[in-house]
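**Student:** Make the full structure from the sequences, and use the hints.
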Amino acid sequence: MSGQDELERYEQTEARDLIRLLAMSRPQEELRAPPDFRLKVLSKIHQTPSRRGILSWLSVDFVPTWAPALTAALLVLSLGVNVWLGARALDPAEVQTVRAPAPAYAFQKGIRQEADLGALVAVQKTETGLTSYGFADKSAGQQSFLLGTLYAEALAYARSGDLEAATQRWQTMDQALGQTAEPLISYRRNMQGWLQQKPPALEQFQAVLPWFEPAFETYAAGQHDQVLPLFQAGAWMTNMRLAAEAGEVDGLIHGRAVDYFLARLKAPKGVEEGFRRLDDLMAKKTLSEREIKIVIKTVKKMQRILG
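Residue numbers (this note's numbering): 1 to 307.
It is worth saying that the hints were derived from the structure and are not from the lab.
Predicted model, so just to flag it, every value in this text is computed and none were measured.
Possibly wrong hints are sitting among the right ones.
[Said to hold, decoys possible] Derived lysine to aspartate or glutamate pairs resembling EDC-like cross-links, with alpha carbons at most 16 Å apart: (1) LYS301 to GLU273; (2) LYS293 to ASP280; (3) LYS198 to ASP250; (4) LYS300 to ASP225.
[As the list claims (entries may be wrong)] Just the calculated beta-carbon pair ranges, DEER-fashion: (5) GLU273 to VAL98: 35 to 43 Å; (6) GLN171 to GLU273: 32 to 40 Å; (7) SER288 to GLY110: 35 to 43 Å; (8) LEU262 to ALA140: 16 to 24 Å; (9) LYS285 to GLN192: 40 to 48 Å; (10) ALA100 to GLU272: 39 to 47 Å; (11) ALA263 to GLN168: 28 to 36 Å; (12) GLY110 to GLU289: 34 to 42 Å; (13) GLY193 to GLY222: 20 to 28 Å; (14) ARG99 to ARG189: 31 to 39 Å; (15) GLY222 to GLN175: 16 to 24 Å.
The beta carbon of each residue, even a glycine, is placed where N, CA and C say it ideally should be.
**Tutor:** Here is the structure:
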């Protein structure tokens, strides 16, 4: 049996065990991982960069940054994330014919490091006049879309070192989420614990924030079928606009995920037309300055409709 087969078999076995643990546990009880679970997950994380898969976006140079924060939180957070990995491995429907959007953190990591994504987000808010988000008068679909938008913006601010703006986005997200289930409950509890440190540690925040996406995906699996694609659309559109404004043409082209959204998202007519326009542009090998401006304009319009 090849190393790849052994790893996949391990993931499936581990996932089944964890899912049984979840099924047997009471809703209000906190799950406790086996004594060696943290070491197993750390080992898997170190193995991951050498293979293409769910977490192939975790590059080798990123592992040292994650290690300190993960050591403190794995006993609580890794259980939910590992169930997410295992459930995906066990689900035959996950063999897709369309490309799902890359994790938001992975997409931003592909944008050249000198690009100040936080500054670009700030400019976007100034241009649109939208400096804060209110969720009270939003529909469930709009809330999911705005959560994805806020998440991508928080990642951008964190990457630029603007902890204050990043944590403001997170606090808004946390308030909007309201009552949730595991693994989001544990994730939110740990995030709030880190933010209560005086002063909060930027590196820890940068390391833990990307875990929100798999935790939210696990939570969304038990919600309405539009919760996850709307969240993903919010993050994806924000990232596509950031890439365009940063002049990251390769990121735009390689970030194509229109087929996924057309298949999963029940989008209004204006949004569907926008997706098709973007797909036509991203099918090209390169984009002119004029075409990049069209991308930005199209995404802005789609964001206004959905948010």
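**Student:** Can you tell me whether the CB distance of LYS285 to GLN192 sits inside 40 to 48 Å?
**Tutor:** This hint holds: roughly 46 Å between Cβ atoms.
**Student:** If you check the beta carbons of GLY222 and GLN175, does the distance land in 16 to 24 Å?
**Tutor:** holds (21 Å)
**Student:** In this structure, is the beta-carbon distance linking GLN171 and GLU273 contained in 32 to 40 Å?
**Tutor:** holds (35 Å)
**Student:** For the hint 31 to 39 Å, verify it against the beta carbon of ARG99 and that of ARG189.
**Tutor:** For ARG99 and ARG189 the Cβ distance comes to about 34 Å; the hint holds.
**Student:** For the pair supplied as a hint, LYS300 and ASP225, confirm whether the alpha-carbon distance does not exceed 16 Å.
**Tutor:** violated (25 Å)
**Student:** Can you let me know if the beta-carbon spacing of SER288 and GLY110 is within 35 to 43 Å?
**Tutor:** About 21 Å separates the Cβ atoms of SER288 and GLY110, which means 35 to 43 Å is violated.
**Student:** Should the hint that ALA263 and GLN168 are 28 to 36 Å apart at their CB atoms be regarded as holding?
**Tutor:** holds (34 Å)
**Student:** Given the hint of 16 to 24 Å, is the C-beta distance from LEU262 to ALA140 inside that range or not?
**Tutor:** The hinted range 16 to 24 Å holds for LEU262 and ALA140, with Cβ atoms some 21 Å apart.
**Student:** Can you confirm whether the C-alpha distance between LYS293 and ASP280 stays at or below 16 Å?
**Tutor:** holds (14 Å)
**Student:** Can the suggested window of 34 to 42 Å be confirmed for the beta-carbon pair GLY110 and GLU289?
**Tutor:** violated (21 Å)
**Student:** 20 to 28 Å was suggested as the range; check whether the CB atoms of GLY193 and GLY222 agree with it.
**Tutor:** holds (25 Å)
**Student:** How does the Cβ-Cβ distance of ALA100 and GLU272 compare with 39 to 47 Å: does it lie in that range?
**Tutor:** Given about 18 Å between the Cβ atoms, the range is violated.
Checked against the numbered hints above, the structure breaks hints 3, 4, 5, 7, 10, 12 and satisfies the rest.
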